[in-house]
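Number of protein chains: 2
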Amino acid sequence: MAEEQKIPYKIYLTEDEMPKAWYNMRSDMKVKPAPLLNPGTGQPLTAEELTPIFCEELVKQELDDDTAFIEIPQEIRDFYKMFRPSPLVRAYCLEEKLKTPAKIYYKFEGNNTSGSHKLNSAIAQAYYAKKQGLKGVTTETGAGQWGTALSMACAYLGLDCKVYMVKVSYEQKPFRREVMRTYGASVVPSPSDTTEIGRKILAEFPGTTGSLGCAISEAVEVATKNPGYRYVLGSVLNQVLLHQSVIGLETKIALDKYGIKPDIIIGCAGGGSNLGGLIAPFMGEKLRGEADYRIIAVEPASCPSFTRGTFAYDFCDTGMICPLAKMYTLGSSFIPSANHAGGLRFHGMSSTLSQLYHDGYMEATSVEQTEVFEAAEFFARTEGILPAPESSHAIRVAIDEAKKCAETGEEKTIVFGLTGTGYFDLVAYQKYNDGEMSDYIPTDEEIAASVAKLPKVEG
Amino acid sequence: MAEEQKIPYKIYLTEDEMPKAWYNMRSDMKVKPAPLLNPGTGQPLTAEELTPIFCEELVKQELDDDTAFIEIPQEIRDFYKMFRPSPLVRAYCLEEKLKTPAKIYYKFEGNNTSGSHKLNSAIAQAYYAKKQGLKGVTTETGAGQWGTALSMACAYLGLDCKVYMVKVSYEQKPFRREVMRTYGASVVPSPSDTTEIGRKILAEFPGTTGSLGCAISEAVEVATKNPGYRYVLGSVLNQVLLHQSVIGLETKIALDKYGIKPDIIIGCAGGGSNLGGLIAPFMGEKLRGEADYRIIAVEPASCPSFTRGTFAYDFCDTGMICPLAKMYTLGSSFIPSANHAGGLRFHGMSSTLSQLYHDGYMEATSVEQTEVFEAAEFFARTEGILPAPESSHAIRVAIDEAKKCAETGEEKTIVFGLTGTGYFDLVAYQKYNDGEMSDYIPTDEEIAASVAKLPKVEG
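Chains A and B, in that order, give the protein sequences. Residues in the first sequence are numbered consecutively from 11, following the numbering used here. Residues in the second sequence are numbered consecutively from 11, following the numbering used here.
Note that these hints are calculated values from the structure, not bench results. Honestly, I wouldn't trust all of these hints.
Label-pair distances were calculated between CB atoms; the ranges are [as the list claims (entries may be wrong)]:
| no. | chain 1 | residue 1 | chain 2 | residue 2 | range |
| --- | --- | --- | --- | --- | --- |
| 1 | B | K413 | A | P184 | 27 to 37 Å |
| 2 | A | S448 | B | K267 | 46 to 56 Å |
| 3 | A | G217 | B | D444 | 23 to 33 Å |
| 4 | B | K413 | A | G143 | 48 to 58 Å |
| 5 | B | V178 | A | P83 | 41 to 51 Å |
| 6 | A | G238 | B | E455 | 54 to 64 Å |
| 7 | B | A348 | A | K463 | 51 to 61 Å |
| 8 | A | T77 | B | K267 | 34 to 44 Å |
| 9 | B | K16 | A | N236 | 38 to 48 Å |
| 10 | B | T317 | A | E206 | 53 to 63 Å |
| 11 | A | Y268 | B | K267 | 21 to 31 Å |
| 12 | A | N236 | B | G445 | 22 to 32 Å |
Derived lysine-lysine pairs resembling DSS-like cross-links, with alpha carbons at most 27 Å apart [said to hold, decoys possible]:
| no. | chain 1 | residue 1 | chain 2 | residue 2 |
| --- | --- | --- | --- | --- |
| 13 | A | K267 | A | K16 |
| 14 | B | K91 | A | K267 |
| 15 | B | K20 | A | K20 |
| 16 | A | K140 | B | K107 |
| 17 | A | K183 | B | K441 |
| 18 | B | K70 | B | K141 |
| 19 | A | K141 | B | K422 |
| 20 | B | K107 | A | K30 |
| 21 | A | K91 | B | K16 |
| 22 | A | K422 | A | K113 |
| 23 | A | K20 | A | K183 |
| 24 | B | K70 | A | K91 |
| 25 | A | K177 | A | K30 |
| 26 | B | K267 | A | K145 |
| 27 | B | K422 | A | K267 |
| 28 | B | K441 | A | K91 |
| 29 | A | K20 | B | K30 |
| 30 | B | K113 | A | K109 |
| 31 | A | K91 | B | K267 |
| 32 | A | K177 | B | K441 |
| 33 | A | K20 | B | K16 |
| 34 | B | K113 | A | K91 |
| 35 | A | K267 | B | K70 |
| 36 | B | K91 | A | K413 |
| 37 | B | K91 | A | K109 |
| 38 | B | K107 | A | K91 |
| 39 | B | K20 | A | K30 |
| 40 | B | K414 | A | K30 |
Just so you know, even glycine gets a beta-carbon here, dropped at the ideal spot from N, CA and C.
Given the sequences, and given the hints that come with them, work out the whole structure.
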């Protein structure tokens with residue numbers, strides 16, 4: 011490696027350089043994301059209708075399409091300082107191994123105990139709940155990163171935290187559960203007999219191992235039926251993308267420090283929390299016509315909402331008690347194949363990102379999981395970080411783009427989001443190491459079957 | 011928290027500020043650590059006798075009691091940049107929760123995939139093996155941090171890596187094993203039938219679940235019998251403490267930047283790799299009479315080599331094929347109680363640290379594991395990092411010292427080593443969460459029984 015690199019391996023901001031406000035992408039969108047609808051009336055939801063579910067301040071943020079910058083409260087900035095700034099890493103070793111003229115950077119969000127970027131929004135949501143004088147919050151978790159992040163934030167603030175964990179994960183990921191318990195959260199396998207919707211689902215499907223949509227239904231029910239509780243969600247929502255903009259803002263400040271302008275920005279996409287956060291300030295420039303970037307969303311071929319879904323109103327949950335959101339969706343009854351490892355298994359996609367994709371501001375591509383794990387292993391051995399399966403979707407496409415540069419000789423600057431670490435995904439790594447991992451691409455018929463069940467709404 | 015903290019939550023050095031040489035504590039010791047002895051002749055081992063086991067350059071470092079600073083090769087410094095500098099964290103939240111006037115700092119070495127400081131020496135040892143033109147290295151691992159670190163270093167350099175993993179860990183920590191496999195290492199449960207000593211032990215104790223000392227014997231045998239291989243060890247040795255001095259050097263540079271002088275320095279101690287590294291430059295000042303610090307080694311009450319061991323020559327392994335080292339030891343046949351969680355289970359202690367302790371340059375204390383996990387949980391909820399059980403020994407004593415300051419009003423500055431994360435220790439956390447964790451303190455008779463088997467050597 012060159013002795014005289016001007017750009018360090020890791021760019022850290024000083025605490026003074028850290029963002030003091032979140033950036034709201036919607037403020038620069040000419041076509042705003044479609045509003046959430048009341049599933050009963052088909053009308054846009056008002057703040058009054060949302061406050062029984064979400065904290066007041068978060069409802070404001072959810073509905074605010076206009077304010078560009080929203081100040082990050084000092085208490086949240088103090089908490090951020092425990093695990094932020096996250097490093098923007100120049101992947102010198104990866105570049106060398108790929109023999110590419112491309113310059114590769116990744117924003118690494120895995121250096122905290124939740125193991126992912128989820129903590130950025132968890133502390134914000136917990137903070138507003140605390141400020142409102144609530145007793146606690148409820149949520150669901152699948153792979154477990156969001157539940158862990160929320161339990162950490164609640165432990166810090168002294169809030170009660172009830173997590174509905176998809177049953178199959180609860181049983182297969184006992185360590186994730188223990189981390190949450192160590193942070194004082196109560197963790198319930200979903201579906202459970204603690205809720206009406208859970209009992210209904212259990213009666214209808216006795217052997218079910220649960221789904222994210224079902225766990226959401228249970229968590230919402232508990233929040234709305236227990237005084238002093240609200241529901242919080244780790245992705246999809248506008249407020250979450252707002253909080254996650256801290257990822258992109260830090261990335262942009264770090265790049266600007268060294269006068270670097272990315273050509274391609276790549277993020278994995280499940281509900282959109284990481285991608286929406288990473289691209290926020292860059293998309294802002296693009297929306298305002300100040301700069302152009304290629305922005306690529308990467309999703310699993312087994313759950314391809316952007317690339318094979320329908321842009322329509324749909325429920326966010328299986329129990330159909332949540333608001334309707336207009337998004338690219340595979341239908342709320344779609345469940346990814348059992349062989350799918352890790353997260354990125356939500357049937358829909360953030361309304362904001364869906365609108366931006368629909369309007370041509372970003373691309374999307376899907377990748378199969380064996381090629382994802384191949385990239386993950388290569389990255390681990392080269393850059394020394396064991397990546398989460400979710401993050402490895404972005405790694406796969408970043409490597410492919412860098413290889414194209416090796417062919418063409420183009421010195422493109424590629425930035426991707428390394429959302430987290432894979433310490434709790436070793437069952438999947440073991441499958442890959444043993445050559446037992448397989449791919450599954452849903453058929454057109456399967457997708458059509460769940461899309462056929464979309465609610466009938468004008469929008 | 012105060013708005014105008016002058017000292018940031020995390021002090022990061024720039025790459026230019028990172029140490030360019032390791033510091034060799036022995037150079038400032040008036041009484042040098044006793045030399046390694048040939049168990050056959052009882053005579054000090056020569057470089058010639060050591061080179062069939064260790065790499066040539068590492069033998070030099072092992073025997074060098076005089077050179078104060080040894081340059082870190084550029085290739086190792088490049089690798090260090092992937093995960094170093096590690097942050098020196100001001101534990102503002104912990105101070106606030108403890109209502110203590112003490113100022114608490116911790117050097118956090120867990121932000122890399124091996125989950126601990128072990129990578130500092132792993133890359134150095136692998137680098138010298140590669141430079142010598144070797145095919146590969148062998149080692150043992152217990153809790154798995156060292157094996158993971160070595161497999162990462164070998165993957166980076168393209169070296170073969172054979173890890174003998176204590177059978178009970180191999181079976182109970184399948185995820186650790188998978189991380190090593192993901193990095194391309196071959197992992198063998200020890201005792202195994204792949205070595206003479208393994209077969210002998212299996213014949214003698216058919217149901218044994220192995221021990222660190224036994225795995226060392228197997229790894230050494232394989233290294234010495236296979237051309238192109240050498241044995242590497244993650245603790246105890248002088249060379250390891252040398253490489254780990256990067257921890258203390260970074261800590262000192264960070265503290266000096268802000269004009270901070272610690273009063274108390276605390277580290278957990280198993281074989282001594284972390285403690286010896288953390289205290290190195292501070293001990294240097296103490297040895298040279300330039301400054302004074304209270305230095306505290308913390309060990310588990312279930313494996314108390316400093317506090318209840320004997321200062322004598324002993325074998326480093328169970329198979330008694332390794333050199334003899336003079337150290338505080340419980341006897342090489344001592345095996346910590348089965349209820350002991352995590353590492354810090356080696357029967358002996360670094361010769362260098364043993365000599366320093368013997369000469370009164372440092373203190374030692376032992377703590378029981380339930381109080382260790384209580385501190386671990388408190389720390390996790392307060393500072394947001396799930397600590398390794400090993401590291402939590404230092405946390406326990408740091409908290410206790412900070413509490414004393416709260417009583418006396420003294421504004422002491424406490425620095426402790428947070429060696430790693432607990433993501434692979436959740437079986438132990440679960441026990442603690444379920445109230446099923448117990449303590450065990452070996453009886454005087456137990457210790458006397460294994461000490462009685464010490465080899466008879468003048469020294």
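Results of checking the hints against the structure:
no.: 1; hint: K413/B with P184/A: 27 to 37 Å; result: holds (34 Å)
no.: 2; hint: S448/A with K267/B: 46 to 56 Å; result: holds (53 Å)
no.: 3; hint: G217/A with D444/B: 23 to 33 Å; result: holds (27 Å)
no.: 4; hint: K413/B with G143/A: 48 to 58 Å; result: violated (31 Å)
no.: 5; hint: V178/B with P83/A: 41 to 51 Å; result: holds (48 Å)
no.: 6; hint: G238/A with E455/B: 54 to 64 Å; result: holds (57 Å)
no.: 7; hint: A348/B with K463/A: 51 to 61 Å; result: holds (55 Å)
no.: 8; hint: T77/A with K267/B: 34 to 44 Å; result: holds (39 Å)
no.: 9; hint: K16/B with N236/A: 38 to 48 Å; result: holds (44 Å)
no.: 10; hint: T317/B with E206/A: 53 to 63 Å; result: holds (58 Å)
no.: 11; hint: Y268/A with K267/B: 21 to 31 Å; result: holds (23 Å)
no.: 12; hint: N236/A with G445/B: 22 to 32 Å; result: holds (27 Å)
no.: 13; hint: K267/A with K16/A; result: holds (12 Å)
no.: 14; hint: K91/B with K267/A; result: holds (19 Å)
no.: 15; hint: K20/B with K20/A; result: holds (15 Å)
no.: 16; hint: K140/A with K107/B; result: holds (18 Å)
no.: 17; hint: K183/A with K441/B; result: holds (16 Å)
no.: 18; hint: K70/B with K141/B; result: holds (14 Å)
no.: 19; hint: K141/A with K422/B; result: violated (34 Å)
no.: 20; hint: K107/B with K30/A; result: holds (25 Å)
no.: 21; hint: K91/A with K16/B; result: holds (14 Å)
no.: 22; hint: K422/A with K113/A; result: holds (6 Å)
no.: 23; hint: K20/A with K183/A; result: violated (32 Å)
no.: 24; hint: K70/B with K91/A; result: violated (43 Å)
no.: 25; hint: K177/A with K30/A; result: violated (39 Å)
no.: 26; hint: K267/B with K145/A; result: violated (43 Å)
no.: 27; hint: K422/B with K267/A; result: violated (38 Å)
no.: 28; hint: K441/B with K91/A; result: violated (31 Å)
no.: 29; hint: K20/A with K30/B; result: holds (18 Å)
no.: 30; hint: K113/B with K109/A; result: violated (48 Å)
no.: 31; hint: K91/A with K267/B; result: holds (19 Å)
no.: 32; hint: K177/A with K441/B; result: holds (21 Å)
no.: 33; hint: K20/A with K16/B; result: holds (23 Å)
no.: 34; hint: K113/B with K91/A; result: holds (17 Å)
no.: 35; hint: K267/A with K70/B; result: violated (43 Å)
no.: 36; hint: K91/B with K413/A; result: holds (24 Å)
no.: 37; hint: K91/B with K109/A; result: holds (20 Å)
no.: 38; hint: K107/B with K91/A; result: holds (17 Å)
no.: 39; hint: K20/B with K30/A; result: holds (18 Å)
no.: 40; hint: K414/B with K30/A; result: violated (37 Å)
Hint compliance for this structure: hints 4, 19, 23, 24, 25, 26, 27, 28, 30, 35 and 40 are broken, all remaining hints hold.
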